[in-house]
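Novice: So the chains spell out like this:
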Amino acid sequence: MTEPTPGYPGDEEPAEPVRAVTAEQLRERHGGPLTRALVRVNTVLHLVAGVVMVALLLWTVGDIVGRAVFSHPLRGTIEMTELAVVVLVYLGLALTEDRDRHITVDLLYVRLGATGQLVLRVFAGVVAFVVVSVMTWRLWQYAEQLDAGGFTTGILRIPLYPVALLAVLGSSAFALAILSKTILAVKALAERN
Amino acid sequence: ADDTNEPTTDQQAGADVDAEPGDEPADDAPDQPEDFGPEVTLTFGHPFPPTDPIQTTVWEPWVEEVRDATGGTVNIEIHAGGALAPAPQVYENTAVGAQDLGWTMPGYTPGRFPISQIIEAPFMFPDAQVATEAAWELWEEFPAFQEEFSDVHVLSMWAMDTGDLFTRDQPVQTLEDLAGLTIRSPAPLQSQALEAMGASAVSQPGPEIHDAVERGVIDGYKLANSATRVFDLGPSTGYRTACNCYTGAFVFVMSQLAWDSLSPAQQEALAELSGPDLGMRLAERHQSAADEVEAEYWPEHGVETIELPDEEFTRWRDAVGPVFDQWIDEREAEGVPGQQMADLLFDLAGF
Amino acid sequence: MAFELVGLLGIAVMLLLIALRVPVAIAMIVVAVCGYSFIVTPDAALARLGADAFRGASMYSLSVIPFFIFMGMLLANAGLGRDAYLSLDRFLWRVKGGLAVATIGASTMFAAVSGSSVASASTMSRVAVPQMRRHGYDDGLSAASAAVGGTLGALIPPSALLVLYGVLTQEPIGQVLIAGFVPGVLTAMLLMTTAYLLVRRRPGLAPANTERPGVTVIGAIRRVWPVPVIFAISMGGLYFGFFTPTESGVAGAFLALMYGLLTRRLNRSALGASVNETITVTAQIFLLMIAGQMFGFFLAVTRIPMWLGQTVGEIDLTPWLIVGIIFLIYLALGAIMDEIAILVIMTPMMYPIIIDLGYDGVWFGVVTIMMLLTGLLTPPIGLITFVVSGLTGISLGKVFRGLVPFWLTLCVAIAVVIAFPALATWLPSAMR
Ligand code: NA
Ligand code: NA
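Protein chains in written order, with our numbering: chain D, 21 to 213; chain L, 19 to 369; chain Z, 1131 to 1562.
There's no promise every hint is true.
Unchecked claim - Straight-line C-alpha distance at most 25 Å; calculated SDA-like pairs for lysine to any residue: (1) D:K207 with Z:A1149; (2) D:K207 with D:V130; (3) D:K207 with D:V61; (4) Z:K1226 with Z:W1537; (5) D:K207 with D:V146; (6) D:K207 with Z:G1454.
Treat the hints as calculated values from the structure; they're not laboratory data.
Owing to the predicted nature of the structure, the values given are computational and were not obtained by experimental measurement.
So that you can see chain D by itself, here it is in the shape it has in the complex (with noise of 0.2 Å):
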């Protein structure tokens, strides 16, 4: 398993060192409090997230004592981590943005000029902004669907949407930090023209 590295060391040999465009610059050239503020919440998220997988990890270790010990699991272990693990999911999403750490296939951008990195920056973020926009107001309608029929777990009998509430919370946050990103590349555009 190998995590992208936010933009690749210099190297030597092809004498020029691969300068691409981050978005942690994009923030500190043209970023507002606003920007800041988004990320502050993704931050807050994202740390709900952690918290929320820390929990799993010692729900579920309790599971397993329960059952090794005591014979006796926790109830509804399976379906808790199920909807544990849409949570973190969701919630983890928009910082993951808000550090261009999403995989990116970045072959043509690090060979681009600044001007042609921001243009695709502009492109790609307005592509994935209209995306997750949908997949969002989706989300949403699907838990009205699943509020109205009365979904739940099979065994603690949880009800689903406001895990979809959760995810529907996650995705907005998400499409905003593509949003502001993008924004920030049209500001750093329209300054070099």
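Following the hints, position chains L and Z with the ligands against chain D.
Specialist: Showing chains L and Z with the ligands alone in chain D's frame:
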């Protein structure tokens, strides 16, 4: 129930979807009678393996019958194994028209079909046919039951052969043996029944059992007898406790938009080939599959059957009594005649 | 338009969007939704989007991923990679080229439990490479040794890539994970042998070492014991059926956490960094998996998987050749794309072909991962090579040249696993 219709309202374009494949050159309908209307191709998705005997011995011939009965105008394309949607999503995807036909179990979406749960009542029906007949009686008798499926066109409904209790390593002979065991449950009412009997229940669609029991996520599972072969569970199953634990219920539904897009002649032909008759045909097929499994499959894999003595069976049935009461109370609280439904069902089961 | 054609067009558009730096997952969702709109209806495509976005993340079988990642982050932040290297060095210092062999062994071991090739390569770049250079080892050999072992982290369980393969193909996750073990260890041995033989043939690559490492044998064991112990509990529990895959991940992460806290190797900020990074990597992988499942539903209605299976069956090539062609495709994609992205995009298309040819699905999982690993080391992307080059200051060209013999060894290892499928399938088939 009216809210569940909501997704279909943004589905107006559904009608010409199904007509679109008809624009392609027709292959095998040389003398197509005019009155069946344009050729359509319907997608049929289900979560069960393509090797499921129901797929090979019922659905594949049925698709041919539909084609013949509609003068070659209705073509059905089967996508098995959850290719179009995972098990818990088959029904909803059909309701919104993301697929045209869906075969699934109401139990796979806990909370969504509370009324349907009762036709799977534990320790009740001797075989698939009796249970299927009872299901249709309830269907005709109680509009509330039909309303649970108001966002689709129901083509058929039927019960599987009886489901028993299967375990990997520990034989279950008494109620006490269940304590501490983690057992897969097919539906919410079955989960409650298992917990009332002292087991830990895990709610899981059928296609996930194989991995779960292999890996010890579960110690055993409640499942229709015939399905032990469908999901290839023989090698990972040591014991079967013949307890007539439940009769799993299936539905076969069609997207309302797809149904409305058919010509009246096509609708009539399809109606001929569905409904209670199709349900009984499927029930019989499940039953004979179960007989084959009992005669060949289990012996082949050394699955040992434990028969439950009458008095032990009575203890099991008594243990789940409160589950029925709870079901009745919950339905009555929702304004559904739960008591009447349960009474009729017990009557039909000869309880 | 024939649906297959819509599918092929969709794939082309997706690749174009990816090239224009649209996130891979987003490009897949665009094509899945638009393609489904075209073949079914726009309303149907929209209607299922919400449910697919939710259910795609809500799968028990995927829940192991954050825990495998967390376990890896904890072990990496606790400094176990460095310890693994120092310990192996203690046992191999007398061997000619022993530092390189120790580096490969330690990075394999560390990457195996941590699951992170990048963490492994960067640790070795910081710890092992300076030492090798100090002893006059060739730069290319030093860098290659630091880079190559880490790739096996995705092959030896725990491995998120193997889990993703299992989820995408519905092969049993536990078996897929266990199947990677023997081929992974075998490949590690082949790589170590390669380093040893390289030095035998060209002694100039690695001068003899006369300096006994400062670590004692007991000291080495004390440093490194958590790696095998955590591995044994987590993967042994999985193998013997005591743990589900998710539980094996939880057990591994919990033990790593306890170890780090009790020995004070993890302070609050290291713990925070581990959680933080786990959520980030989980979010990126899950977004890709959600997209991958949507893409799979789109592919199903295009009938492409079916069509591919039939076509390949009809053209009657020898299975060897077909697997070879698939390898070339993965290799080409590996030159431009992240391995998780390749896995998520290609598996739904390649798997049916392999199954139609009568091969074992678990075995193909192992072969797939091995093919993807070779891509980590090839130009122009070769992520790990960038990490090593950046941290050591050894030029990329030298790193790539140093990797050539090891890369060939990886290819040999793939050929061996293809020729002897039992290497992959025997262990999982004996699982209970
Ligand atoms: Na690993
Ligand atoms: Na590469």
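Novice: Look at each hint and say if it fits the structure.
Specialist: Checked hints:
1. Using a Cα cut-off of 25 Å, the hinted pair K207 (chain D) and A1149 (chain Z) holds, with the two alpha carbons roughly 23 Å apart.
2. A C-alpha spacing of about 20 Å is found between K207 (chain D) and V130 (chain D), which places the hinted pair at or below 25 Å, so the restraint holds.
3. For the hint pairing K207 (chain D) with V61 (chain D), the CA-to-CA distance comes to about 22 Å; that is within 25 Å, so the pair holds.
4. Distance hint between K1226 (chain Z) and W1537 (chain Z) is fulfilled; the C-alpha atoms sit about 21 Å from each other, no more than 25 Å.
5. The suggested pairing of K207 (chain D) with V146 (chain D) holds, with an alpha-carbon distance near 14 Å, which does not exceed 25 Å.
6. Pair hint K207 (chain D) plus G1454 (chain Z) does not hold up; C-alpha atoms about 48 Å apart against a cutoff of 25 Å.
The structure fails hint 6 only (numbered hints given earlier).
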